[in-house]
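Colleague: Chains as they are written, first to last, in the numbering used here: chain A, 293 to 506; chain B, 798 to 1336; chain C, 491 to 899.
Calculated directly from the structure, the hints in this document are not laboratory data.
Please read all numbers here as calculations on a predicted model, not as lab measurements.
Some hints could be false.
Below, in silico cross-link-like pairs of lysine to aspartate or glutamate (EDC-like), each with a Cα-Cα straight-line distance of 16 angstroms or less [unchecked claim]: (1) B:1012 / A:334; (2) B:1006 / A:334; (3) B:1019 / B:1273; (4) A:434 / B:1008; (5) B:937 / A:433; (6) B:1068 / B:1253; (7) A:434 / B:1253; (8) C:864 / A:334; (9) B:1006 / A:379; (10) C:560 / A:379; (11) B:1013 / A:423; (12) B:937 / B:924; (13) B:1040 / A:423; (14) B:1013 / A:453; (15) B:1012 / A:433.
Below are the chains, spelled out letter by letter.
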Amino acid sequence: MNPLLNPKLPEPAYKEEFTAGRLFTYRNPSDLTLWERLYVPEVLRGLSITGSIFFKNMGLWLVWLGYWARGRANEAPRGAVTVYYPEEERPDMTKVNRGKHILTQRLNGEPQCVACYMCATACPAWCIHIDAGEHPDPAIEKYPVRFDIEIDKCIFCGYCEEACPVDAIRLTTDYHTVDYLRERMVYDRDYLLSWNPTKVQQEHVYPGGEPRRG
Amino acid sequence: MSEIKTVTLTIDGRQVTVPAGTSVLEASKVIGAEVPHFCYHPGLPVDGNCRMCIVEIDGARRPPVSCATSCADGMVVRTDTAAVKAIRASVMEFLLVNHPIDCPICDKAGECMLQDYYMQHDRKRSELRDEKVHKPRLVKFSDRIVFNGERCILCTRCVRFTENVTRTHELGIVNRGDRALVEVAGGGSLHNRYQDNVADICPVGALTKTDFRFKKRVWFLKHTDSICPGCSRGCNVVLDHDKNEVVRVMPRFRAEVNGHWMCDEGRDIHKRIGVDRLLAPRVKLPGREGGATPEEALEAVAEVLGEARKTPDRLAAIASSWGTNEEAFLFAKLFGETLRTPHMDVKSDSDEGYPEDDVLHTADHNPNRAGVVAQGVVPNDKKGGLGLAGILDACRRGDIQCLVVWGPGLSGHLPGGESELALVLSKVARVVYLGWKDDPVARLAHVALPTPAWAEKDGSYTNCDGIKSTSVRALDPPPGVRGEIEVLADLQARLKGRSYGRTFRELAAKTGAPLPPRRPAPALRQPSLYRHASGVARP
Amino acid sequence: MTLDWAFLLITAVNLVAVIGLLLNLGGVLTWVERKQAAVMANRIGANRCYIPVPVPAKAPGGGWKVRWSKRFTLVGLFHAIADGMKMLTKEDYTPPFVNRFIYNLAPFIAFVTVFATFAVIPFGGPVEPARLLDGPLLSGIGALDGARAWLAGFFGDGSGAARTFRLQLADLDIGVLYVFAVSGTGVFAAALAGWSSNNKFSLLGGLRASAQMISYEVALGLSVIGLFLIHGTVDLGRIVDQQQSLWMWGIVLQPHMFFLFLAANIAENKRIPFDMPEGESELVAGYFTEYSAMKMGMFMMSEFVAIAVIAGLVTTLFFGGYHVPFLYDDGFHFGESVVPLSHLTVVVLRLASFTLKVLVLCWFQILIRWTLPKFRYDQVMRLGWKMLLPISLANLVLTAGIAQIVNAR
Ligand code: SF4
Ligand code: SF4
Ligand code: SF4
Ligand code: SF4
């Protein structure tokens, strides 16, 4: 309600009720009408909504059966908004989805990362494990000997990406992180570095531009 | 005794009374007005070169540096006026002109004074448009210290340390202006035994310890007050540890013991924790051979001692000089009172270490000989008790039937070393060993019980000057290993002796141990932005 | 006394039919529940379980080989089987802190009471086995003569007259009272399971279960007393007999009580919106938190079987039981015109009618479960004691008055 048109503000939304010898104050008193409080009519209304969706989808299924019988199942209108995941993928997946990580590389293929632990510190899931080492090149000085991401613990918040001072860690849009083996869901340094730049560029989008190489 | 003269002055509108000669900076600390500073260090002579600690004093012609200004009666000091803040911001800007700001790879990040003060007093972007001045990086000052010239803010703390504390004069500043650089005099390397302290006092990450470099980010560390068992000075230290592993040892200020410093041997003392450990009990008694649970081993010890009790004259107990006062107290009570043996003495557990010097290190490489003796682990002269040498002689003669050895290093007391030890112990019917090291005695003993290392237990230590310090348990002992206090209290109970308590806090009242302040449980992650991450009050 | 072999045979057939159908229905309902929820929410739902089917496929090097297709999923129907297999093969872990005897007993109580309830529900019309093969089509087939003669002989009462049997396990004249008694015993399952598990969540779930079931038992009973007054009996068979005419159906006579009865029954069955005892959002799994494998499965199964039992009960009381509108024993009667039907057809039609009604009511209960949000505990209690109970009492008084007036005339 526009307060300019209605300068009189509504009553403060609370209700006092004296029950069982005590004063109860309800902060959000129910604003249901009597009809709504009868419950059964509203329940029926709700059931009619869900029921109609049920019948609509069953009808669509019959339509699909018709298409399927003619071998054109793919063209049938779909009731479901979900997909059969591994076989199908959603065509409307957002281009800024946060998925699998990569470590960006220097020109010689070494990690950009300087093992500063900022990502490990920022990570709310504590799923980044780094061991730092002394790099032979004194200009680089520090680099990750080990860099493990437990992708099964990761919540894809992107904090690591944001915390990194040298743009060494990126989240791609690739969301196929599922696996049957936990061991395979720990991505080590070499795996994180093993992304193929051309493929990644074609298939996945980097929010904020291309990853820096070198 | 002469009366200490005091002066009263006003700082930020609050009256404060301090001894005459106190600097304004120290006086401000009293009322909690923290004056930022880089080059001032309470353990070093005042230099006043960083200009960060400038305050306003009424009547002064221009704001003076508070570290070099002595308090005077009636002084009116202001530490947080707009002018002071502007000066601090300018100093910060100036210090940061050529600073590389490579905090991501700098080990000091998280406990760096430059970082903290930047967040508190500056928070501006750099105005510099030119290339920063480059200086030598990764200069090895010695095997222990690496120097990064770009990060150095030329506070000269390190120089003053070598001049005034160790008096070895290795470091000096060469060149002027933005070319100035700390260098080791004559191109040599640092050669004193206290060099790790320069990395501690360096307010920035210019000096780093090779030992700690890149091991751990400081905000992951947990801090536990402890002592260094390297020598009988018993320097008060903080153990910085994470994931049940000590990563570094830092000195803890204790004016009467070690001041602000500690030696390099102490820095490495944590490396001894994992070496040569006795991890599981061993029992070699007839009918009880083979592996034993801690419970069974304790039972075996009680059995052996119960037997030995019948002839107290033929029982001898040798205590560890690494044990705590509380353990020594229980040891003395168990053997002196309950088992009534006259033969008790303390041995040296360790004889490795630096030679004595006039800074901190003493000749005795055991932290608590004085304390163990003070708790009554001495031969009972009235009953003809034997000292350590006497006990060993008696063993050799076969006069001792049961020998209890607490702690490693007994072979060091025999000229023939291990082979002689085997000979001596073969004459003793029952040898019981109690200790954290897999010592030769542990291999020869009939029962050997593992105990925790010093970092794995609570206890107090009395140093060579008779000053008691308390060490708090920082690590979990290996699984199944119980502390001496518990073991001795259990034996006391099994042998029907008096109970004196089975925790450190119960026994501390009896030994007069200073109780450590209960530190709040460490936050899972300590935020490091605006506080010293170490949580340790640093000068 | 000689054994009544005919009666025993019919009872055995009934028993097998009831238990077999209920068990299977319970299993199928687990699938229906998932799939219906998915369809109602624009999702796909359970669809992964398959039975591998060999299909010929072209081998890479030419020729043919057998490939195992994963496409035979039957819209996910195998999930029910997979669930069953999973529950049977999982480790049946009994926590060390439970009271073993009661802990093991509780799921059986839950299971048995639900099945026992169905015993008094008539699921088909009266059957005269002797007339089963008399239809206009079948009577022409001479090959069946032998069977016909055997039927007449076996099911005759000795004097030559044909006997009539009910498709009902136990024709008790206390009918509904038995239902209430047995379903009241079901409280023990939840309460004992909660108590014996020695777990706070379980205990709370058990307490809630007993409180809730006792509260709703009252409304449950009172809400149908009106019908008993009208029908003048509590024998379910008699009640169904009287619902021959569409105007005597419970839903027509007492439509408001239908909602009450259904609500009270769902509350008895502890399903959303009345799933306080399970309380997934606050009590883990409520009274059966500590159960695993098939014992947990028995609680789940009894819940799904109870859906079918409730549907059967509601059908019997409110939807004319096995009756098909206008269908009498000899065929359809539309006013004066009669469409004669053979006895077999009528029996089959009535069985189908009952089954269909039950299935629709199961669907309706699942629809409710996936539509309504859960109540708060105080709301459950308030609804039970402050709404359902007074309304059913008022209805009782009103119906009694009207029945008095009608009977007096
Ligand atoms: S996306 Fe978030 S949870 Fe995942 S690794 Fe990065 S910081 Fe951790
Ligand atoms: S924040 Fe970046 S540079 Fe630092 S450790 Fe993580 S990935 Fe490496
Ligand atoms: S000395 Fe301090 S400010 Fe400089 S790089 Fe290191 S942490 Fe950063
Ligand atoms: S190395 Fe550190 S202590 Fe030495 S002058 Fe530079 S900043 Fe100061």
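Colleague: Okay, which hints does this one fail, numbers in order?
Modeller: Those not satisfied are hints 1, 2, 7, 9, 12 and 14.
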